[in-house]
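Add chain B to chain A, keeping to what the hints say.
Sequence order for the protein chains is A and B.
Per our numbering, residue 4 is the first one in the first sequence, and the count goes up by one each step.
Per our numbering, residue 342 is the first one in the second sequence, and the count goes up by one each step.
Note that these hints are calculated values from the structure, not bench results.
Note that the structure is a prediction, hence the values are computed from the model and not measured.
Please note: incorrect hints may appear among the correct ones.
Some, not all, of what chain B presents toward chain A, calculated at C-beta under 10 angstroms [said to hold, decoys possible]:
#, residue
1, G350
2, A354
3, G365
4, V366
5, Q417
6, L420
7, A421
Don't be surprised by glycine CBs; every beta carbon is placed ideally from N, CA and C.
Single-letter residue listing:
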Amino acid sequence: MAAIEPSSRIRYLFAIKPAAVLRLGLWVALSIAMMTVDHRYHALDGLRDVLSTAAYPLHVLMQLPTDTRSWLSENLAGRTTLLEENARLREKQVFLNVQLQKLTILEAENRRLRSLLESAVNTPGRVLIAELLAVDFDPYRHHILLNRGRKHGISVGQPVLDQHGVIGQIVHADPLTSTAILITDPNHALPIQLNRTGLRTLARGTGNFQELDLPHIPNNEDVKVGDLLVTSGLGGRFPRGYPVGTVTKVEFDPGSPFARIIAKPIAQLDRIREVMLLESEPTASTVDAAPVDPTPKP
Amino acid sequence: MTTIRAKGGWIIAISFFTAFLLTGVPFWGDLNYFRPDWVAMVLIYWCMALPHRIGLGTAWLIGLLLDVARGALLGQHALALVVVAYLTLQTYQRVRAAPPWQQSFSVLIFLLVEQILVFWISGVIGYPPRDGWYLAPAVGGMVLWPLLFVILRDARRYFQVM
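For reference, chain A alone in the conformation it holds in the complex (with noise of 0.2 angstroms):
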């Protein structure tokens, strides 16, 4: 046992066999490997789902002390508080319904002259709700993580979004969780259009979830600040006419040929809990493709 004790000890010294080099060389060309085969080929995404379905249970459980705290801070507000809470939502609740009898109206009134002008009806499909399991990865992506996935009928491409209007899109469906990219994303283009007049562009992601950059508009067309964008259903991903955010910023600059616009988001993106997936229809106003009506024509 003597005779073990120091070479031992060696072994805790020199711990780093002289191949070192070599080993972190192979490891780092297999990790470039991995990444090159994911990147271009996406060969790998059958070992993402099997490692995703493991890292299942890590995520929801990553999850949980941002969900305990929300548990806390809801199980020990206060009586007042809630009672005041209370009130809010009903009074909202029948500002909503009175708005709601009026939508219904319109919708009937907007199906009939749309019948007489022979173009599609977009009619909302099936809506799922998912929740947040993880959002920052990163904070340079705005990708969220959320709680269904291919199992539950999620595919790449479909429109997420909440309450006040879109997040964004999935990205990667896996079986149990799914990843959506957000507007915002700087990776992200969204088309849109002008509520008021009816101009289309794009919304560009800039990094920041306060902040939307629409470029290429003319310094001479009429954009003024808090005009609502809605989504222009051109592209195909995005249903038609569902809001996207209100323009904070309008700047001309003589020197330049586009104007300098940015927008705000409607939906909260830093702050979201439970979104709506839209089940993917293909939308009548693709951008070149002549429309296809699936109504019988009278």
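Only chain B this time, still in chain A's reference frame:
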């Protein structure tokens, strides 16, 4: 201590598990920018404390799990953590001897390397960092290192992990 036998592996597993849990916990307000990479810090600790046991292979597997957990490209954190483990294994004899607050400067360097690698890869696939704030987690890691070190050291001694 006549023989060296792997012992207390479950403490290592629990520490990594806790680090994964903490990864999902945001900090208050603007402090969130400084939220450190807990998993990398725990990895640095174990590489330093048990270099014969925790090495590049463990780092790579942990990194792969982190990639899945954070929705990153498969291999992104794996690569960064392998490099961090390598740097730690190369320097642990010098770093381990220093008091925790001095160690935290080395940890800052390791975490900076990790952040730069991760964001460099993100930049290659089209997500360049917006500003210099992406290096802030390394600073947060530096500040919290002494605390983490003391906790993990006590746990290692108490449960005789070796």
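Minimum beta-carbon distance criterion (10 angstroms), A421(B) to chain A: holds, 9 angstroms
Minimum beta-carbon distance criterion (10 angstroms), V366(B) to chain A: Hint on V366(B): holds, closest Cβ of chain A at ~5 angstroms, below 10 angstroms.
Status of the hint placing A354(B) at chain A (closest C-beta pair under 10 angstroms): Hint violated; A354(B) Cβ to chain A Cβ min 13 angstroms, cut 10 angstroms.
Interface hint status, Q417(B) versus chain A (Cβ within 10 angstroms): Constraint on Q417(B) satisfied, holds at 6 angstroms.
Hint check, L420(B) versus chain A [nearest Cβ-Cβ separation less than 10 angstroms]: Hint on L420(B): holds, closest Cβ of chain A at ~4 angstroms, below 10 angstroms.
Restraint check, 10 angstroms cut-off on beta carbons, for G365(B) near chain A: Nearest chain A Cβ about 3 angstroms off; hint holds.
Hinted contact G350(B) with chain A - closest CB pair below 10 angstroms: violated, 17 angstroms
The structure shown violates the earlier hints numbered 1, 2.
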